[in-house]
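Student: Here's the letter readout for the chains.
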Amino acid sequence: MRALVIDDSRTMRRIIARIFANLGYETMEAGNGREALDLLEAGEVFDVATIDWNMPDMDGLAFVTAVRARHDWRGLTLMMVTTEAEHGQIVRALAAGAHEYMIKPFTPDAIGDKLALLGLIPLEVTA
Amino acid sequence: MTLAADTFTFVAQLVHQRSAIRLEPGKEYLVESRLMPLARQAGLGGVDEYVRALRQVPRTFEYEQVVEALTTNETSWFRDATPFEILTQHIVPELGRDRPDLRSLRVWSAACSTGQEPYSIAMALHDDIPDLAVQITATDLSEGVLKRGRAGLYSQLEVNRGLPAAKLVEHFTRVGIEWEVSQRLRRAVTFSRHNLLHTPPAGGPFDIIFLRNVLIYFDLATKRDVLRRVQSVVRPGGFLLLGGAETTVGIDSGWERIAVGRSSIYRHNARRAS
Amino acid sequence: MSGALAIVNGDQITAITAEIFAAMVDGKPGLLVPWSVGDDVLMNDPLHAWVDMHAGISNRVQLTTDAETAHELTRMLLAMTPGEEVGEEDLNDAYGEIANVVGGNLKALLPVQGQLMMPQVSREAPSDEGAVQFDEVTLAWRGHPIIVSVWMIR
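Protein chains in written order, with this note's numbering: chain A, 1 to 127; chain B, 1 to 274; chain C, 1 to 154.
One or more of the hints may lead you astray.
Said to hold, decoys possible - Dumping the calculated DSSO-like pairs for lysine-lysine here, alpha-carbon to alpha-carbon at most 27 Å: (1) B:Lys147 - B:Lys167; (2) C:Lys28 - B:Lys147; (3) C:Lys28 - B:Lys27.
If you're looking for bench data, these hints aren't it; they were derived computationally from the structure.
The following block holds chain A by itself, in its conformation from the complex (with noise of 0.2 Å):
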């Protein structure tokens, strides 16, 4: 599995994908919208990406928009993780494509939760 994490803050990008690598995910990090639409013009295939939402260049609204229009990227996940907490906004950004929408601040279960919710982790097999 693989991850592309996108958020400007360098902080952020390395406590995300420290928690997707203990999940056993491979990730790629990318400083805004742009970098991370370059990585995917390239080639580069992933399972999810976690997206922060205030980036320069390009924004995480803007850059869910640019992956939803096209076809074959069809099969990318999109998680929205950032500070914008108001019901307006998540509404905004699931309109706009996104899959899944967390607020920071979130506690690494709460990532796995998610991927558990978006099929992107095995379940606990139940007996």
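With chain A held as given, fit chains B and C onto it using these hints.
Tutor: Okay, now just chains B and C, sitting in the frame of chain A:
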């Protein structure tokens, strides 16, 4: 810092008497970490000191706090996801086959903690089967967690745990720094205090009972006793959902085990006898 | 004082900041608590991090703590070893990100929500000319003071 042996013995006995939950030796760290906040609140430096004071002047209220602190677990929305899919995609259609006039549903969410499970049930049913009237009885041993469930207010960290964003925006509004469950869901859920070792709660008979991740804490005799009580309030042909590591098999023969995908659910046998 | 932030109170600032520290810095609650009234708040080398938000009215959320405390916060966030040398860039990024998350969560409380600007970190406090402070809380993180203040700015 290590816990004195008699502190642990006393606390383990207290918790067992009041909740039937067994704290096996080796759980000293749990007693230490869960009771430390109570000790601090009482202005005492450590758990040994706190328990000593408690034993000198026994107070029912504080005993309850100790039991609560040791039996309350962190809970997330749509915990394990699968049971809620099974609920709407398998159980309700099955009940509908037996009762073509099925318009309303009674559900018991036992050991509901701070309310995430009953509200998840309410959301799943509302969103997938909107024309069904649903009454959910949510019970727990702890008055503290019931109060939180009734208030229906959750922190940012709590809503981040397993609640799909689409459900958050559909069923919650922001109130200050918290998120509040909608009136519609709150009307569907009634919270009441209940001990699983006592007579089952009002609100039945139930079509579906969620008793998840509770039996694991009990010994065999208590498991049998709890399942017998549960059976007395389930409708013939009603369903029981247990945690992933739990089963009725070998404990209580009143249930038929049904495999759904990789999970198991349990159906009350009386349907076939009748 | 009819500014938008009048509805943000000290308890809310404390609750939000404590939640952020519990989730992202410490991994458990209880290590960021209100400063004990009566204890002197001493800072030898204060370092500020703030984030502005612009709507019809502009607001600012500002953190102030000792540089050494900011270094320690950075080590925690970046999972560095105790006492490890913290670079200027890491410090600005990590401390700034805390201000960013506190600011974003407080922004959700405003009736008019504006655009969140990029966080800034400096030894020099931002100009308070024409600014009105709505509330300020002093917190203790592992015994070290951290002041969180919320402002309306021109």
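Student: Hint by hint, say whether it matches the structure.
Tutor: Structure-based check of each hint:
1. The straight-line distance between the Cα atoms of lysine 147 of chain B and lysine 167 of chain B is roughly 23 Å, inside the 27 Å bound, and the hint therefore holds.
2. Between lysine 28 of chain C and lysine 147 of chain B, the direct Cα distance comes to roughly 24 Å. Compliance with the 27 Å bound is thereby established for this hinted pair.
3. Of the supplied pair hints, the one linking lysine 28 of chain C and lysine 27 of chain B holds, its CA atoms being roughly 19 Å apart against a limit of 27 Å.
Going through the hint list in order, the structure satisfies each hint without exception.
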